[in-house]
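Trainee: Sequence:
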Amino acid sequence: MSAEEHRVDAGSGGVVAAVVVISSTRTLETDVSGKAIAAALHEAGHDVQQRVVVPDDAAQIRAAVTDLVKDGHELLVLTGGTGPTPSDVTPEAIEPLLTRRLDGFGELFRSLSYQQVGAAAMLSRAVGGLIGGAVIFALPGSSKACALALEALILPEVRHLVHLARPSGVDAVPTVKVEHHAGWRRAVSDLGGEVHLDRRDEVPQAIEKLASVRSVLDTAGEVGVLTLPGGQSYTLWGFPDLRRDSSKVLAVGWGSPLAEVLALHRHPVHTGTCIDEGHGLLAGRSEVAKVAVERTGRPPADVAGAVFAVAGEAVYIERGGAVACWDGAKERDLGTAKQALATLVLEWSSR
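Just so we're aligned, residue 30 is where the sequence shown starts under this note's numbering, counting upward by one.
Just so you know, these hints were derived from the structure itself, not from any lab. Check before you lean on any hint, since a few could be wrong.
Pairs of lysine-lysine residues, derived as DSS-like cross-links and limited to a Cα-Cα distance of at most 30 Å, are as follows [what the hints assert, rightly or not]:
hint, residue 1, residue 2
1, Lys99, Lys319
2, Lys277, Lys367
3, Lys277, Lys319
4, Lys359, Lys99
5, Lys99, Lys64
6, Lys367, Lys238
7, Lys277, Lys99
8, Lys359, Lys319
9, Lys367, Lys319
10, Lys277, Lys238
11, Lys359, Lys277
12, Lys173, Lys64
Predicted model, so just to flag it, every value in this text is computed and none were measured.
Construct the complete structure from the given sequences, taking the supplied hints into account.
Mentor: If you want it as structure tokens, here you go:
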């Protein structure tokens with residue numbers, strides 16, 4: 030189906046939207062850009078149900094976005110906090126929540142901005158993506174920049190994009206579960222564990238023999254050991270290190286069929302591989318339908334197989350040695366279990 034056919038299929042109805050102004054100085058009364066965005070969306074036939082102001086604080090931005098997505102908003106447009114200064118934290122706040130990135134949005138927006146403001150366009154870190162079935166765009170605080178993004182990119186495609194983001198056969202965007210991104214140290218604390226720096230346990234044999242995974246782990250800047258009250262221990266691989274809260278940290282331990290790998294930095298969203306007999310810290314491998322419903326809101330057509338891994342609003346299912354990713358709408362083939370593990374380790378070490 031062509032893009033034009035997709036647009037026709039999406040219909041002409043409005044989407045349920047919210048506008049979020051990121052500013053520590055503006056109020057609903059003094060806000061200019063947010064009002065203009067809401068007016069433009071309304072004029073285009075969309076239902077703007079909320080316009081809120083949130084300070085330049087990553088935790089508060091994430092909490093506001095999470096609440097709006099849970100409330101069923103199909104489109105979130107954020108304005109402010111996308112520049113290069115230390116107080117501009119909007120991209121860092123929302124990127125951990127994204128289930129799909131729309132890199133083309135930022136690329137096209139900066140290209141269009143360059144035609145207006147020249148080299149200053151490179152200072153913008155505008156970003157777009159999906160959080161489950163909701164579409165989100167983070168724009169600069171400039172009303173002129175917001176107008177450009179809306180008129181040239183967002184309004185022409187928003188119905189089409191929301192339609193594509195919806196799970197197949199669903200008329201309205203479902204409420205999705207998005208948790209606060211608390212970091213790896215919080216995971217260790219909640220598990221009651223202790224971290225020992227400059228130590229490592231024996232690497233699981235399956236990992237030792239899997240060059241593609243070892244090549245990723247070997248780029249870690251620091252290695253340590255996590256011990257839990259129950260006696261389990263995991264080798265910690267820190268990217269870039271184990272000294273800061275913002276590091277990406279993988280915990281690797283023994284388990285079948287390959288190994289137990291946990292992305293601690295995504296806590297409290299449980300992310301990692303699932304091992305046999307329910308001995309691991311995540312879901313059991315035999316609960317495909319249950320885990321799929323919990324993660325995505327619906328089971329796949331084929332509930333045979335075993336749970337290989339879980340991450341955000343996705344479940345990875347192993348059938349006959351091959352792994353597929355189910356996101357609530359469709360399955361995506363990841364190849365063999367070893368290939369899938371290599372893909373996930375690479376992704377989790379960088380995001």
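Trainee: Next, verify each hint and record whether it holds.
Mentor: Hint check results:
1. With a C-alpha separation of about 21 Å, the suggested pairing of Lys99 with Lys319 holds against the 30 Å cut-off.
2. With a CA separation close to 21 Å, the supplied pair Lys277 and Lys367 stays within the 30 Å bound.
3. Pair hint Lys277 plus Lys319 holds up; C-alpha atoms about 28 Å apart against a cutoff of 30 Å.
4. With a CA separation close to 22 Å, the supplied pair Lys359 and Lys99 stays within the 30 Å bound.
5. A hinted pair counts as satisfied when its Cα atoms are at most 30 Å apart, and Lys99 with Lys64 qualifies at roughly 23 Å.
6. A C-alpha spacing of about 10 Å is found between Lys367 and Lys238, which places the hinted pair at or below 30 Å, so the restraint holds.
7. At most 30 Å may separate the alpha-carbon atoms for a hinted pair to count; Lys277 and Lys99 meet this at roughly 26 Å.
8. Taken as a hint, the Lys359 and Lys319 pair is honoured in the structure, with Cα atoms around 17 Å apart against an allowance of 30 Å.
9. Restraint check for Lys367 and Lys319: satisfied, since their Cα atoms lie roughly 24 Å apart, inside the 30 Å limit.
10. A hinted pair counts as satisfied when its Cα atoms are at most 30 Å apart, and Lys277 with Lys238 qualifies at roughly 23 Å.
11. Restraint check for Lys359 and Lys277: satisfied, since their Cα atoms lie roughly 28 Å apart, inside the 30 Å limit.
12. For a cut-off of 30 Å, the pair hint linking Lys173 to Lys64 stands: about 13 Å separates their Cα positions.
Taken one by one, the earlier hints all hold for this structure without exception.
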